[in-house]
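Trainee: Chain by chain, the residues:
Protein chains: 2
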Amino acid sequence: MSDSPHRYDEAARAAVYRVIRERRDVRSFLPTPVAPETLARILQCAHAAPSVGLSQPWRFLHITRLDLRQKIHALVQQERLRTADALGHRREEFLRLKVEGILECAELLVVALVQGGTREIFGRRTLAEMDLASVACAIQNLWLAARAEGVGVGWVSLFDPQALAELLHFPPDARPIAVLCVGNVAEFDPAPRLLLDRWRQPRALEELLFENGWPEQAR
Amino acid sequence: MSDSPHRYDEAARAAVYRVIRERRDVRSFLPTPVAPETLARILQCAHAAPSVGLSQPWRFLHITRLDLRQKIHALVQQERLRTADALGHRREEFLRLKVEGILECAELLVVALVQGGTREIFGRRTLAEMDLASVACAIQNLWLAARAEGVGVGWVSLFDPQALAELLHFPPDARPIAVLCVGNVAEFDPAPRLLLDRWRQPRALEELLFENGWPEQAR
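Residue numbers (our numbering), protein chains in the order written: chain A, 412 to 630; chain B, 412 to 630.
None of these hints come from the bench; they were simulated from the model. There's no promise every hint is true.
Chain copies aren't distinguished; within one or between two, either way the pair holds.
Said to hold, decoys possible - Below, in silico cross-link-like pairs of lysine to any residue (SDA-like), each with a Cα-Cα straight-line distance of 20 Å or less:
1) Lys509 x Arg630
2) Lys482 x Leu514
3) Lys509 x Gln489
4) Lys482 x Gly624
5) Lys509 x Ala597
6) Lys482 x Ala615
Since we're looking at a predicted model, the values are computed, not measured.
With these hints in hand, go ahead and build the complete structure from the sequences.
Mentor: This is how it looks when you write it as structure tokens:
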């Protein structure tokens with residue numbers, strides 16, 4: 412079985428595998444600035460993502476006003492408490508977790524999904540949620556590029572999307588799906604934070620990989 | 412502004428930017444095999460994706476039976492025609508596009524989302540669709556790793572999810588979100604296929620990047 416002539420050389424492949432392995436969801440940041448060119452480069456990587464029907468359903472809002480950052484932080488705090496209450500017996504354990512670094516991170520982004528509604532049909536007639544998948548791919552690209560730059564990114568999804576949309580004057584067909592904290596870090600965690608914090612034990616790939624159909628014992 | 416000490420060296424950063432830039436949605440494949448180790452490596456990259464609350468809501472089904480591959484192809488053909496009809500005046504233009512390589516690609520995967528329902532609260536109490544976002548990040552990881560290996564991947568979302576779920580014996584809380592064609596290619600397109608095919612003109616990042624709120628003229 413011969414290798415593809417389009418295969419990257421060993422060092423380049425190693426870099427790709429490394430960045431995928433070392434990307435982390437970051438919640439603790441240093442107060443040092445991130446260069447505007449670095450932010451621009453990682454945003455270009457987001458914009459290079461695949462999108463269903465080439466629809467590019469993403470919008471990026473760069474939050475540079477301190478009052479807005481504080482209001483976003485307050486929205487996330489509200490939802491954090493509501494989530495804690497909904498968690499029941501794990502409430503206190505959840506509240507001890509650090510789940511966001513909105514006030515500390517160098518740069519704050521809000522990522523929006525513009526829903527195609529019935530206008531966008533290609534690739535999403537039966538799977539309308541493909542537009543969200545495209546935006547998620549864009550965020551993953553940004554996340555990986557940032558890691559290569561040594562910059563941490565945390566995806567915060569603890570907010571009321573309606574309230575955040577109103578705060579940032581979203582049009583009716585758009586909604587926020589991520590608050591991204593972007594900034595320098597003292598160190599990148601050696602493993603996912605929620606594993607280190609013993610929130611949850613991840614499963615091995617082998618348990619989640621099936622052949623030709625869902626096995627009866629896993630249904 | 413000093414660089415992060417965690418920044419990768421120039422060659423490694425270049426590899427990360429290159430793979431993000433060169434990844435393509437592939438619909439034309441060579442019939443040559445992909446090594447099982449390569450498939451295993453790119454699946455591990457998918458499994459290294461972030462997931463909301465460390466929930467790992469992805470499942471991967473490796474389709475190795477020819478009859479199943481043919482049935483999946485038939486489902487996609489059905490939806491392709493329904494999409495064409497729904498597109499109205501662009502029907503014929505759409506039907507001329509090559510939108511999938513299910514019968515030609517070396518390996519076929521179906522990716523499923525296991526919906527947390529009300530069980531998974533962390534990070535998705537108000538944004539239940541975060542589980543789908545996690546699976547999309549996993550697919551993007553796989554896509555990038557495959558490109559570094561010189562292997563093409565096409566994400567097909569033209570199918571009736573209910574019919575595909577039934578074919579592969581999905582449990583009620585799971586649904587398919589992608590048919591992934593994985594295989595060798597004669598060449599990677601220099602730009603997105605739908606741009607080369609003049610299906611749609613993509614927009615520049617600058618048009619989709621706002622500061623501190625949605626601008627009035629873009630609402």
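Trainee: Now look at each hint and say whether the structure bears it out.
Mentor: Taking the hints in turn, this is what the structure says about them:
In this assembly of identical chains, the alpha carbons of Lys509 and Arg630 never lie at most 20 Å apart, being 34 Å within a copy and 35 Å across copies at closest. In this assembly of identical chains, the alpha carbons of Lys482 and Leu514 lie at most 20 Å apart only when taken from the same copy (10 Å versus 52 Å across copies). In this assembly of identical chains, Lys509 and Gln489 lie within 20 Å of each other by CA distance solely inside one copy; the values are 15 Å within and 48 Å between copies. Proximity of Lys482 and Gly624 under a CA criterion of 20 Å is satisfied inter-copy only: 13 Å between copies versus 47 Å inside one chain copy.
In the homo-oligomer, the alpha carbons of Lys509 and Ala597 lie at most 20 Å apart inside one protomer (15 Å), although the nearest pairing across protomers, at 48 Å, exceeds that limit. Neither within a single protomer nor between protomers do Lys482 and Ala615 lie at most 20 Å apart by alpha-carbon distance, with minima of 39 Å and 30 Å respectively.
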